[in-house]
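Student: What follows is each chain in one-letter form.
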Amino acid sequence: MKGFEVIKSLKEFILESDVIVSSNGNISREVFHHLPQPQVYLRGSMGLPVSVGLGLALANPKKRILVITGDGNFLMGLGSSVTAAFYRPANLKILILDNNTYYTTGGQPTVSSALDYPKFLASFDIGYKYSKKANPDQIKDDLSKFLTSDTFAILHLNIDESKEDLTNIPWHPEEISKKIIVKIAEME
Amino acid sequence: MIDSKSFVSYLERNFQFISGVPCSYFKAFLSLLASNDNDSPLKHIYATREDEAVGVACGAVFSGKRVLVYMQNSGLGNIGDVLTSLAQLYKLPLLLLISYRGLEPDRDFPEHSLMGELTEPVLKSLKLPYWILTEDFWESTMNLALQEMEAISSPVALLVKKGVLS
Numbered sequence: 294m295k296g297f298e299v300i301k302s303l304k305e306f307i308l309e310s311d312v313i314v315s316s317n318g319n320i321s322r323e324v325f326h327h328l329p330q331p332q333v334y335l336r337g338s339m340g341l342p343v344s345v346g347l348g349l350a351l352a353n354p355k356k357r358i359l360v361i362t363g364d365g366n367f368l369m370g371l372g373s374s375v376t377a378a379f380y381r382p383a384n385l386k387i388l389i390l391d392n393n394t395y396y397t398t399g400g401q402p403t404v405s406s407a408l409d410y411p412k413f414l415a416s417f418d419i420g421y422k423y424s425k426k427a428n429p430d431q432i433k434d435d436l437s438k439f440l441t442s443d444t445f446a447i448l449h450l451n452i453d454e455s456k457e458d459l460t461n462i463p464w465h466p467e468e469i470s471k472k473i474i475v476k477i478a479e480m481e
Numbered sequence: 025m026i027d028s029k030s031f032v033s034y035l036e037r038n039f040q041f042i043s044g045v046p047c048s049y050f051k052a053f054l055s056l057l058a059s060n061d062n063d064s065p066l067k068h069i070y071a072t073r074e075d076e077a078v079g080v081a082c083g084a085v086f087s088g089k090r091v092l093v094y095m096q097n098s099g100l101g102n103i104g105d106v107l108t109s110l111a112q113l114y115k116l117p118l119l120l121l122i123s124y125r126g127l128e129p130d131r132d133f134p135e136h137s138l139m140g141e142l143t144e145p146v147l148k149s150l151k152l153p154y155w156i157l158t159e160d161f162w163e164s165t166m167n168l169a170l171q172e173m174e175a176i177s178s179p180v181a182l183l184v185k186k187g188v189l190s
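So the protein sequences, as listed, match chains U and A.
End of the first sequence = 481 in our numbering, gap-free, step of one.
End of the second sequence = 190 in our numbering, gap-free, step of one.
If you're looking for bench data, these hints aren't it; they were derived computationally from the structure.
Be a bit skeptical, because a hint or two may be false.
Result set (SDA-like, lysine to any residue): computed pairs, CA atoms no more than 25 Å apart in a straight line [unchecked claim]: (1) A:K148 to U:K476; (2) A:K115 to U:E467; (3) U:K476 to A:S178.
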C-alpha cells in the first residue's frame, strides 16, 4: 500500500475530538487533504512529531492523540519514542509509515532498513506494538485495533513509495495554532 | 542562592508542565521537585534532548498549559530548529531556563568555553528576549519574562549563572 492510501483508510476511525500530529512534508499535506481538519500539521520541526504528540497526550488525558510520522522523521527523534514509552500515556498512538526514504525531498534513502522494528518495539514494555507490511485486505482491521487499544500503542507499517500531487497546506502556522487551541479548548 | 522552596513554589503557582535536560546549576531545585513529584501540581517530563523537551512543551502549550523548559546553554545548540520552525513559527509561548556556563576561562570545563561566549549572541540571533536571573530580583525578573512571553506569544529565556540556583 501507499502512504496516502493508509492515511485515507484512517478516515472512518477518526473522531471529532481526536488530535492528529503529522510529520512535515508529504505526510502533513496528505493528512490535511484526506482527514478531518484542523489537526497539528507540522511544517518543520523534523524529528519532533512524537515529542509534540507526547506533550498533547499528557496535557489531554481524555483525548486520543495520533502521531503520523515517516521513517526519516521517526529516526531523527528516536530518543523521543523512548521518552514516550517511559510515560506511555494510554491515549497516545504512534503510526510510523516506513518507505525507507526521505520521499518529500526526492526519495533519498534513509537508514531505516537497519532497524529490526519488531525487535525494537518488542523491547518496550507497552501494551500494543506491531510491525508489518501494510496490506489492503487487513488495513482497516489493523488500524481499528491500533486506534482502540486501551494502552499506549505503536504501529509500524512498511509502505510503498508514493507521492500525490497535492497543494501545500494553505494555512499559516499561526492559523493552525489558533484553530488547534480553539478545538482543544472546545472539546474539554 | 535563591531559596529552592520559594523557587519551586513559584514554578508550581505559574506552570503546569516542566521538561528539560538537567544541569548541575539546577541541582537543588530539581532535587526538591523530584522529592515532591507525586503530589506536585507540576507535571515533570524528562527528555533525552533539549529539542525534544521543547517539542513536548509545544504539545502542552497547544493545550493551553504553561510550560517551563530547562537546559544547559550547550543545549542551545540543539534547539535552533524547534524554536524557529515550531515554537516561534506557531507562536507558542514558553519560558526557557538556561544555565550560563563557560563564563570564565575554565581549564576543567573547556567544553563550555565557546558556548559561554556565544550564548548571548545566539539568543540575540534567534530573536529570543532574555534576562539574567539574579538572587535579589529573581521573582520580579521571572514575572517580567512571563509578561513578555504572553505579550509576544513566543518563547523567552532566562540565563542562570553559577551559584544562583545551586
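Student: With a cut-off of 25 Å on the C-alpha distance, tell me whether K148 of chain A and K476 of chain U pass.
Tutor: Violated, because 34 Å separates the two Cα atoms, which is more than 25 Å.
Student: Between K115 of chain A and E467 of chain U, is the straight-line Cα distance small enough, at 25 Å or below?
Tutor: 6 Å, holds
Student: Does K476 of chain U pair with S178 of chain A here, judged by a C-alpha cut-off of 25 Å?
Tutor: 20 Å, holds
Hint compliance for this structure: hint 1 is the single one not met.
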